[in-house]
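Chains A and B are the protein sequences, given in the same order. Quick note on this note's numbering: the first sequence kicks off at 6 and runs consecutively. Quick note on this note's numbering: the second sequence kicks off at 1323 and runs consecutively.
These aren't lab readings, by the way, just hints derived from the structure by calculation. A couple of the hints might just be wrong.
[As the list claims (entries may be wrong)] Which bits of chain B does chain A cover? Going by a derived footprint, with three or more residues having C-beta under 8 Å, they are:
# : region
1 : 1338 to 1345
2 : 1460 to 1474
3 : 1569 to 1575
4 : 1659 to 1665
[As the list claims (entries may be wrong)] In silico contact screen, one side only, chain A against chain B (beta carbon under 10 Å); selected entries:
#  : residue
5  : Gln108
6  : Ser133
7  : Trp138
8  : Glu220
9  : Val223
10 : Asn309
Glycine residues also receive a C-beta, built at the ideal position from the N, C-alpha and C atoms.
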Amino acid sequence: MDRQDIIGRFAEAAQDPLGYAKAWKARTGRQVIGSFPMNFPGELAHAAGALPMILQESDEAITVGHGVLFPFYCGYTRSMVDQAARGRFEVLDAIMFGDHCVQLLGMADAIRMKLPGTRVIFFQLISSMNDPWTQGRSEESFAKLRQELEEFLGRPVEDAVIRESTRLFNSNRRLLRRLYEMRKEGTAPLTSVEMQHIVKSSMIMDKAEHTALAEKLVAGFENGTAAPSRGLRLHLSGHFCQAPKPELLAMIEECGVTVVGDDLFHGFRYISTDVPEEGDPIAALARWYMDRNTGVPCPTRVQNNVDWDAFLLKAMREERADGMIVLMAKFCEPHMYYYPEVKEAFEKADMPHLLIETEHEGMALESLKTRVETFVEIVKRREAALA
Amino acid sequence: MNIAVQHATGKKANKLQSTRIAGKLVNDYWEMVWRAKEEGKLICWYEGSAINPFLEAAGICWVHGEAYSAMLAARHQEAKAQQVAEERGYMRELCSYARTHLGCAVSNQRLRGDGAGAAPDDDDLTWKLPAPDMIISAYAYCSTGQQWDEMTSRIFGKKVPIFNVSIPWIWGSKPDSGYLQGQEWEETSDYVTRQLHEMIAFIEKQTGKPYPWDRLYELMADIKRASELRLEAMDLCTAQPAPASFFDWVVSIAPINNLPVAGVKDYFETVLAEVKARVASGEGAVPDERYRLFFDGIMNWNKVGWLANKFANYDAAVIAGRYTHMAFWQEPNLIDPNAPVRGMAQNFLICPNNHSSPILIKLIMDLCRKFEVDGMVIHASRTCRAFTNPQFLIAETAHRELGIPTSMFEGDVTDESFYKDEILNSRVEAMLEAIDSRRIAGAA
Ligand code: SF4
Ligand code: SF4
C-alpha cells in the first residue's frame, strides 16, 4: 500500500463512518458504540470488545431534523438529530456521551426520544477543571461509565484489558502527533484535508487497523527532507464537534496558504494527550481528561488557570505561523464565549487572525475565498514590513 | 372566523394589585446593590441557582446576573450594555442575559476598573453595577451559566476569586428514576450538598468570619413559608376564571428568587389574600376568560405587560408555565429549616430544565391537566437553548397525550430584536381557531 492508498483508506472511513461501522459489525459480529464529542474515552468501549466511534456530522441537508431542533442550533446537533430521526443510526447498539454543552444535551435528549430501541447512556463529566475534587469526580464518572458498559454488555471490563486498550490508543495518538511534528518541520507536507481524513478516521476505525496503517504512513515520511512551505504559514483554530468541510479547507490552501498546525477537534485536539499507562486505569482516564485541558484548553470547560489564547499564541510561535484562521461553527456557544478573549489577546500580540463562521448548509465559498485572499494579502504585507 | 378582528377590542389584563409591591421591593433591592460599595459590603456575582440566602446570611451583597439584565430590559435600558458586549466580540447569538451582563462588566472595567475610559454617567445603569469581590457559579443544566461566570472573571483580569458548584443534569434513564426519586436523584443531591458545604468554606474565607448558620436557618424558614404561600396561590388558579395569570407569577419571580428575604413572606401573604378574594368573587385575570393556556419557555422581559394585555385581548388566560410553576423554591417540603443545605441543593437540582425530557415533559403535562388548559403557547427564546431544547418534544407530547394545539413564536429573554409581533399574532390566532373548532366539533 503506498501513501495515497493509505490516505484513501482513511478518507473512505471518514466519508462514510456508518458504512464502515456496518461492515465492521458484519465482519466481527461485535457491538458498535457511538459517542458524542469531545470527551468520551473510547478506550473503555474498546476494552469491552466493541467498536467505539465518534458520531459525525453528515453532509446531507437537514430535513426531518427541522422538526426536532430549531435552526439556531449548531450544525452538528442539527445533523445528529436529523440522522437519528431518519433511522441512520441503526448500526449502533448504544450511544454514550458526557456532559458537554447545552445544545449537545438537548440533542441527546431528543435522540433518546427518537430512538427508543437504542440505549443512550449519559455520564456527567465535571466541567470545572481546577477544583480540588475535579480528579476524584472525574474518576467517579468514568467508573460509572465502565459500570454502565458492563451492565449493557453483560460482561466485566477488566483492568488489564483497559490498560491494553490504553496502550493501543496511545500508540495511535503518538503516531498522529508524529505526523503533526513532521508537518510543522515540512517533512510531511500533508494538506489539511488529508490531515482531517487521518484524524477523523481514527475516531471511527478499529484502532488496531488504523494504527497499522498509520505506522506505515509515518514510516514513509521519516527521514524525508523538509520541503519549503508554500506561501503563508497559518494555524487553523476552533471547530469543535464537527469536522470543517473539506472544500473549505481546500479553498483556504488554494489561497497560497500552508496550514502548519491546528487545534481543531478533528485535528490536534483529539490526539493531543495520552492516557497514563500505569496504575489504576480509571484514575488514568481521569488524569487524561484533566491533562487534555491543560494541553489544549477547551472552551467547553472552565479552568481559570489556563488560557486558550495563550496556548494558541505559543503553538503558533512553535509552528512559526504567520497568522491564524478561526473556524467557528455558527451558533456554537462555547466558542462564541471564548472568542473575545482570543481576539483581544491576538490584537495585543499584534498577531493577525481571520474569523470564519461555518454553516451546515449553504456556505458561500466564493465570498469566503475573497475574504481569505484579502487576509493573506494583509498578512503578507505585514510580514514584508516586519522583514 | 377571523379571531383577530373579533378580539381586537382593547381589553387589558386584570393584573393582581398586590404585584405592584414587587416593583417597589425590586427597586429597593437595586438601590441597596448600588449603595453596597459605599457601605463597605462585599459583593458577590452569581447567576442561576438561588444561592442568595447563603450570601444574605453572611452579610454579602448578592447580584444575580439574570436579574440585572432582566431589570435593564424591563426598563428598556439594555441596549447600551448589549452594544458594549458586542464591541468586545460577544456575538448576538449568545444568551442575551449573559451578554447584557457581560456588557455591564466590560463597561464597569472600562469606566472605573482600569481608569482608561470616559467619566461614568450616573444615570447609566450599565456601568453602575458594582464590581464583584467574588463570583460563585452554580448553574444547573445550561453550560452558558458556567461560561458566563468564567468570562466575567476573565473580564476582571482573573483577580476576583471564583467558586464553581457543579450541578449534574438528571438524565433519569434507570428503572428507579423519576421526579425526586431514584438512586441518581439521591446521589446528585449528595454531590451538590457536599459542594455547597465547600462553598460555605469559600464564603468564610472571603468574609474572614465563621459562617452564621443560625441566620441561614431563619432565612430558610421564611423562604420555605413564602414558597408555600406562593404555591397555594398558584394552585387556586385551577378556578375558572383563573384569578391570576402566568404574567402575575412572572412579576412575582424576583421576590421569591432574589430579593432580600425580609418582606417576601408578607408579599406572598398579600398575593394569596388577593387571589382568594378573587376566587370568592369570581374575578378573573382576564376580563373574559374563554381560553386557558399554558406558557412554555422563558420570559421576554421587555414584553411582560405587553404580552399580558395581548393575551387578555384574545380572552386567553395564560394560567401556568414551565418558567413560573416549575422553579424557584418549587419544593418547599424538601427544606428543613434547621438543616437546610440538602433541601436547597435539591431545589437547585429541579430547576425546570435540569430534568431530561421524560421527567420534564411528564411534569408539564401534569400541570396542563391540573389547570385544564386548552392550548399551549411556546416561546422559542432565540438565545436560551436551555429552554428551547425540549420544545418540539413538548409540543409533540401535548398533541399526542392531551390533544391540545400548540403555537410557537420566536422571541428572546432580553433582546427585543428577535421578537416578531406578526408571527405571534398569526400563530396564536390559528391556535385559538383550532380550539374553537375542537369545541364546535365536541358540541356537535
Ligand atoms: S460545543 Fe459547539 S459545536 Fe459542539 S455541540 Fe456545543 S454548540 Fe455544537
Ligand atoms: S441560555 Fe438560558 S438557561 Fe442558559 S444562562 Fe442564558 S438564560 Fe440561563
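Examine the region 1569 to 1575 of chain B for residues whose CB is less than 8 Å from any CB of chain A, and state whether their number is three or more. Since three or more residues must qualify, the claim that chain A covers the region 1569 to 1575 of chain B is violated, with 0 doing so at under 8 Å.
Is the listed coverage of the region 1460 to 1474 of chain B by chain A valid when you require three or more residues with a beta carbon under 8 Å from a beta carbon of that chain? holds (count 10)
Closest C-beta approach of Asn309(A) to chain B relative to 10 Å, hint status: 6 Å, holds
Against chain B, with CB atoms and a cut of 10 Å, does the hint on Trp138(A) hold up? 8 Å, holds
Tell me whether the statement that chain A covers the region 1659 to 1665 of chain B is true, taking a Cβ distance below 8 Å and needing three residues at minimum. violated (count 0)
So, as I understand it, the hint says Ser133(A) touches chain B; can you test that by seeing if any CB pair is closer than 10 Å? 4 Å, holds
Evaluation of the interface hint that places Glu220(A) against chain B, nearest CB under 10 Å: Check failed: Cβ of Glu220(A) comes no nearer than 38 Å to chain B, outside 10 Å.
Hint Gln108(A) vs chain B: min CB-CB distance below 10 Å? 5 Å, holds
Measuring from the C-beta of Val223(A) to each C-beta in chain B, is the shortest one below 10 Å? 37 Å, violated
Within the assertion that chain A covers the region 1338 to 1345 of chain B, do at least three residues meet a Cβ-to-Cβ distance smaller than 8 Å? violated (count 0)
In the structure shown, a violation is registered for the earlier hints numbered 1, 3, 4, 8, 9, in ascending order.
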